[in-house]
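Now for the letters of each chain:
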Amino acid sequence: MRKIFKKLTFVIAFISLSFINLYAQGGDVAKAKKPFDAPMADALRASGKIYVVVVVLGIVLTGIFIYLISLDRKIKKIEQEVQG
Amino acid sequence: MKKLAWWKILCIVLLFYTLIAGFLFDVPRREIFNETIRNLYFHVTMWFSMIIIFGVSVYNALRYLRHNKPIYDYYASEAAKMGIVFGIMGLLTGMMWARFTWYMADGGYWSGDPKQNMTVIGLLIYLAYFVLRGSLTDDQQRARISAVYNIFAFSALIPLLYILPRMVASLHPGSAENSFDIYNNINAQMRSVFYPAVIGWTLLGWWIVTLRVRLIKAHQRFIDKEYEQELVKS
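For the record, the sequence lines run as chains A and B. When we follow this note's numbering, the leftmost residue of the first sequence carries the number 1, and every step to the right adds one. When we follow this note's numbering, the leftmost residue of the second sequence carries the number 1, and every step to the right adds one.
Some hints could be false.
Said to hold, decoys possible - Restricting the straight-line Cα-Cα distance to at most 30 Å, the calculated cross-link-like pairs of lysine-lysine (DSBU-like) are:
(1) A:K76 - B:K8
(2) B:K69 - A:K3
(3) A:K76 - B:K69
(4) A:K74 - B:K69
Said to hold, decoys possible - Label pairs and their computed distance ranges (CB to CB):
(5) B:Y109 - A:F5: 32 to 42 Å
(6) B:Y109 - A:K77: 22 to 32 Å
(7) A:I66 - B:W102: 31 to 41 Å
(8) A:L71 - B:R221: 47 to 57 Å
(9) B:A156 - A:G63: 34 to 44 Å
(10) A:I69 - B:H219: 13 to 23 Å
(11) B:Y109 - A:V55: 25 to 35 Å
(12) B:L127 - A:Y67: 23 to 33 Å
(13) A:I12 - B:W102: 25 to 35 Å
(14) B:F130 - A:K74: 20 to 30 Å
These are computed hints drawn from the structure, not numbers from a lab. The C-beta atom is built at its ideal place from N, Cα and C for all residues, glycine as well.
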């Protein structure tokens, strides 16, 4: 059961990641048809500041993961204490 | 340092991918949506994760009814808690999204969208699950009755979230008067971020569920041990 789940998750992840290739062909065509129809955050991207947001959120995400991993370890210690 | 389980690493990788790709990859240019179309990776994924985690919860409730092992009850109740967290997150993110994208003029956070209203009913049904659990003191009785209620709650959620809102006008895709055709408006590149994001968020929820279940298990073992020692003493 566990093995099947493991394989399944990887397969789904692989399939969804492989959509990138599909986009590489379809996306450019769509863009060529309608160049700038809807206002988007082009200036934000041009000035490069969107990366600041990505980095800030990256820090938040990293913090959450460090916290989760340390919680994981602490619980493991408690488990070992109770078992021993 | 012990190695992290493979799926925890997958969770971390997928969520960082969601963050980076979600902000930096190109998205279709659509009027009204503009950049908020990226909320697909953060708002819609909450609902997908919620229904998957609730599914895990009801699966464990069924397993409890079959095998009568307390561990399944722990999984069912903790997964239900995590599902409620995802649901509340989805609700709050949806309120933000709608308020500043479709209701700039009216300016209401609660737009009364059918999906919004039905979700609240669904979440209340799940909150009642915990009221029910809190009101029963016998462990076995609590586990069995709440497992049966869990099945009811999950089956109530399906028409509330996936059938009723589609029969009336709503902002959400698939509803009666919605011009947003999800199959044409979400391109392959968006899917390539969306599905990994769903898996990533779901694994994050599952990670928290397992942590809480392990804590309950350790606590239970501790209580059992104390009880044994009491028996030995007397």
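Taking the hints in turn, this is what the structure says about them:
1. A:K76 - B:K8: With Cα atoms ~15 Å apart, A:K76 and B:K8 stay inside 30 Å; holds.
2. B:K69 - A:K3: Distance of about 22 Å is within 30 Å: holds.
3. A:K76 - B:K69: Roughly 22 Å between the alpha carbons, so the hint for A:K76 and B:K69 holds.
4. A:K74 - B:K69: holds, 26 Å
5. B:Y109 - A:F5: 32 to 42 Å: Since the Cβ atoms of B:Y109 and A:F5 sit about 39 Å apart, the hinted range of 32 to 42 Å holds.
6. B:Y109 - A:K77: 22 to 32 Å: violated, 43 Å
7. A:I66 - B:W102: 31 to 41 Å: holds, 37 Å
8. A:L71 - B:R221: 47 to 57 Å: Violated, since A:L71 and B:R221 (Cβ atoms, about 19 Å apart) do not stay within the stated range.
9. B:A156 - A:G63: 34 to 44 Å: holds, 37 Å
10. A:I69 - B:H219: 13 to 23 Å: holds, 21 Å
11. B:Y109 - A:V55: 25 to 35 Å: With Cβ atoms ~30 Å apart, the hint holds.
12. B:L127 - A:Y67: 23 to 33 Å: With a Cβ separation near 26 Å, B:L127 and A:Y67 satisfy 23 to 33 Å, so the hint holds.
13. A:I12 - B:W102: 25 to 35 Å: holds, 32 Å
14. B:F130 - A:K74: 20 to 30 Å: Since B:F130 and A:K74 have Cβ atoms about 25 Å apart, the given range 20 to 30 Å holds.
Comparing the model with each earlier hint shows violations of hints 6 and 8; every other hint is respected.
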